[in-house]
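Enquirer: So you can see what is in the structure, the chains are spelled out below.
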Amino acid sequence: MSWIPFKIGQPKKQIIPKTVERDFEREYGKLQQLEEQTKRLQKDMKKSTDADLAMSKSAVKISLDLLSNPLCEQDPDFLSMVTALDTAMKRMDAFNQEKVNQIQKTVIEPLKKFGSVFPSLSMAVKRREQALQDYRRLQAKVEKHKEKEKTGPVLAKLHQAREELRPVRDDFEAKNRQLLDEMPRFYGSRLDYFQPSFEALIRAQVRPVCATSPPAPWRQARLWMHLTHRWRTTRKCTRSSGT
Amino acid sequence: MVLSFPEPAVMADHRAEEPSSRSGSPDEEGRVSEDRSLLHQRLAVRELIDTEISYLHTLQLCASDIRNHLQQLPQGDLDILFSNIDDIIKVNSRFLHGLQETASKEEEQVYLIGNLFLEFQEEFEHVYKVYCANYDQALLLVDAYRKEPALQREIQRIIEAVVPHGLLTGALEQECLVVDLARPLAHHKSQSMSRGLVSLCERITKYPLLLQKILENTLPDAGAYPVLQRATFALQDVNANINEYKIRKEVASKYSKVEQLTLRERLARINTHTLSKKTTRLSQLLKQEAGLVPKTEDKEFDDLEERFQWVSVCVTELKNDLAAYLDNLEVFLRFRPHECNLDIPGGPVVQYCNLARDLQLKAFLEFKQRLEALVWQPLCSLAKVLVGPQNLIKKRLDKLLDFERVEEKLLEVGSVTYEEEAARHTYQALNSLLVAELPKFNQLVMQWLGQVLRTFVALQRDLAEQVLQRAEGSMTQLPHQHIPEPDFRKLVENSLGQTSKQLRSFRENFEKVLPPPTTQPLLPGSERQVQALWSRYGPGKLYQVTNNISGAGSLDLTLPRGQIVALLQNKDTKGNSGRWLVDTGGHRGYVPAGKLQPYRVVPSEEERRGQVGPHEDSRHLTPEPTPTCSVPTVTQVVAAYPFLARSSQEVSLQAGQPVTLLEAQDKKGNPEWSLVEVNGQRGYVPSSFLARAPSPAPWGWSLTS
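Residue numbers (this note's numbering), protein chains in the order written: chain A, 1 to 243; chain B, 1 to 705.
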């Protein structure tokens, strides 16, 4: 915890054992990394789904623009081709929208909730830190008084200082213990938390919401195949009629 | 240079026959002239066949030997030079074969020859027009070669190697031909290549002449006459068509080039001529718009143009939309949520990351590459192709204005200048070119477009199949794969609900790490009292007074700050929950609840709700820690030195004695004196004799310390 400013010249006394400090730093460090990764995952996931939607929207635009061309009125083959394309694009867009909604519900929002715990944690750690500072300071005061001659006023002050010190030390120890308890438990909870989300994420790629309809990419693939077949036959017609 | 065998023999025969026909009777003369005609005819036929043979030989020499040796030239140049010579060779070989077959049939030969020409008419036109139209470009290329001496020497060497010197003579020396290309080769070696190339163009022009010769020498009532006549006209038509085609091509290539001119170049181009041209056009246009002059309405062309415009718009829009799609695809590929590291060793998280990585690196990347190569590139080429016709259409409009003006002048004046005539022809050439070729062009573009769209769909399908395959593969490893979708969703919802409760509890726990309460220090001597209360009532019932309480009614207590009391009832007999019944250890009475604060004797993990009483139901979580050392009003101090009161307003102090500080200044505001209370007495003492103590009273009521 090198960010604690301490006065130059004052030796830093180890009032808490090194192992405790190390444990705390290790646990907190893990959690800090988890926080960063969670934030990053949330951001990337959101941007990725947005891009996915943008892609299918621009595909729909392709077919819409084609439909609005006057050639469609003149050329019935062209019209049928473009209409088929339009239907396919719109279906793909609908599927993507469904998928993104799923992802929003099962991944992005839970991620947000998970992330909302971290501010409380960091506040708690700050408070512990402050308690540690107070503890140190008062401890130093006590030491200072101890070193002076044992006169009346000095003794009074020493007594006072000791009285002040005790609650602060206990407070710090309480905070420390609590955090050392809770942090690993919180870290471990991520397993329970993320696994179902990600499982849902994989499934969203394959099956739409309704169980009775076939899985969407399969449906999509079939639709495409149907389209290309139809166009091949159409092309044969135009070929024969054109030449 | 035309490589052919001179045919003095034919000439000799021809000349030799002449004198014998001079003598004879009219009847004989008639017969003789008949014979002579027949002879001429036969000679002409033979000439046809022989020249065809030598021509074909030339072709093959050019095509195979010379071309094969010119390997150092790039393939594109070779294509320009030799164009569709292979096709021509094929057509002419068949033609020659047909000719040679007729040779056996004496009587009907001319008839068959006529028919043969008619048969081959279309093919000739088709094949030669391409070559002739391309011819100019080939010539330009040969000129370019001539300018490079090294290359030129190489070409010469090759030609001389392939063709023996002695046979390099001029072209066919026959009096029936219009063009006499007999030139001694020695002086014009550099033109040898171009000569070779021009022979093809010339051959097609010779056919009608040859036919004419045969026709002349055929009797009008012979059975073959009409056929021959038709064949002659047909070949003349062929030549006319080829000529027109060539003109069209020239016009097209002149105007369809997209010229990238800088502004300066454009300005440099402006001269009086162009200015006058443009102003005349503009005035013509204005006259039309004003209705002064009738506009030439060409419905056919307008329809074609309209369709062309639609097609063009279609292609442009598609290109733009596809560009947007590709951009979005690129953005999509930029984000990689699967690269997060949550430190989860296995399970669905890892599977998802693998799946996503797979999809991005393989499936989508491949999709993108294929899309660019198979859809985007062709579409760009298609868009480029449309530029030429666009220019031509624009030019046609300009030329139309010129044409109309010239027509006007023609009507008024009756004659036009050479330039105006040229303008007319240009317009007509452009118009006929466009009318002839636009329909096919439109159709081709539509086909191309259709192909592009189909490819796009095929790529999407492939991508969908890939995604499906990989995702399904991934799914088989999932723990809940057998559960149908709606049940699975419920499962996920439940589990998420549970874990979210857990998260909430975590958060609350973290927020509970509160500062210790600012407990007031105990009054001296009260520890035993507190202990008694604690043992009698339990720790949960102890409260500390936060401010001095002055009781008003008979049952109200007057308590100093810091006193510990035990709660008996948290409301009075009238039900007022603001007044509590408490036990001080000695007295019982009512005190205002707002001045009480829960007091904890032993350190515990239980929540403290700050200085606020039980009024509030909602939990106030105070995230901000109040500094443990500062209490708003420090009233509990310790006397550092002994002090003897010298007046009634002062009070005596003993060293180490805890006193209650009431005011830190005297009545006049002098901070050097403080009003304190000690042992029930109040008085002023010097402020410096007091040592301030912090507020937190010893937590530790610890029975073990």
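Be careful, since some hints might not be right.
Said to hold, decoys possible - Derived PhoX-like pairs (lysine-lysine); straight-line CA-CA distance at most 20 Å:
1. A:105 - B:277
2. A:113 - B:512
3. A:113 - A:47
4. A:47 - A:105
5. A:61 - B:319
6. B:395 - B:299
7. B:440 - B:277
8. A:105 - B:490
9. A:126 - A:18
10. A:113 - A:43
11. A:57 - B:319
12. B:394 - B:384
13. B:287 - B:254
14. A:57 - B:368
15. A:112 - B:501
16. B:249 - B:384
17. B:147 - B:254
18. B:384 - A:113
19. B:384 - B:440
20. B:319 - B:254
21. A:47 - B:368
22. B:395 - B:384
23. B:277 - B:409
24. A:113 - B:395
25. A:90 - A:57
26. B:278 - B:394
27. B:409 - A:126
28. A:126 - A:47
29. A:43 - A:112
30. B:368 - A:61
31. B:395 - B:278
FYI, nobody ran anything at the bench for these hints, they're computed from the structure.
Enquirer: Each hint: holds or not?
Expert: The hints, checked one at a time:
1. A:105 - B:277: 70 Å, violated
2. A:113 - B:512: 19 Å, holds
3. A:113 - A:47: 18 Å, holds
4. A:47 - A:105: 15 Å, holds
5. A:61 - B:319: 12 Å, holds
6. B:395 - B:299: 18 Å, holds
7. B:440 - B:277: Violated - the C-alpha atoms of residue 277 of chain B and residue 440 of chain B are around 32 Å apart, more than 20 Å.
8. A:105 - B:490: Cα-Cα ~12 Å, so holds.
9. A:126 - A:18: 19 Å, holds
10. A:113 - A:43: 14 Å, holds
11. A:57 - B:319: This hinted pair holds, its Cα atoms lying about 16 Å apart.
12. B:394 - B:384: 16 Å, holds
13. B:287 - B:254: With Cα atoms ~28 Å apart, residue 287 of chain B and residue 254 of chain B exceed 20 Å; violated.
14. A:57 - B:368: Within the cut-off at roughly 17 Å; holds.
15. A:112 - B:501: Cα-Cα ~14 Å, so holds.
16. B:249 - B:384: 19 Å, holds
17. B:147 - B:254: Violated, at about 24 Å.
18. B:384 - A:113: 53 Å, violated
19. B:384 - B:440: Cα-Cα ~17 Å, so holds.
20. B:319 - B:254: 28 Å, violated
21. A:47 - B:368: 19 Å, holds
22. B:395 - B:384: 18 Å, holds
23. B:277 - B:409: Holds: residue 277 of chain B and residue 409 of chain B sit about 15 Å apart, inside 20 Å.
24. A:113 - B:395: Distance of about 67 Å is beyond 20 Å: violated.
25. A:90 - A:57: 9 Å, holds
26. B:278 - B:394: 13 Å, holds
27. B:409 - A:126: 98 Å, violated
28. A:126 - A:47: With Cα atoms ~32 Å apart, residue 126 of chain A and residue 47 of chain A exceed 20 Å; violated.
29. A:43 - A:112: Roughly 10 Å between the alpha carbons, so the hint for residue 43 of chain A and residue 112 of chain A holds.
30. B:368 - A:61: 19 Å, holds
31. B:395 - B:278: 12 Å, holds
Checked against the numbered hints above, the structure breaks hints 1, 7, 13, 17, 18, 20, 24, 27, 28 and satisfies the rest.
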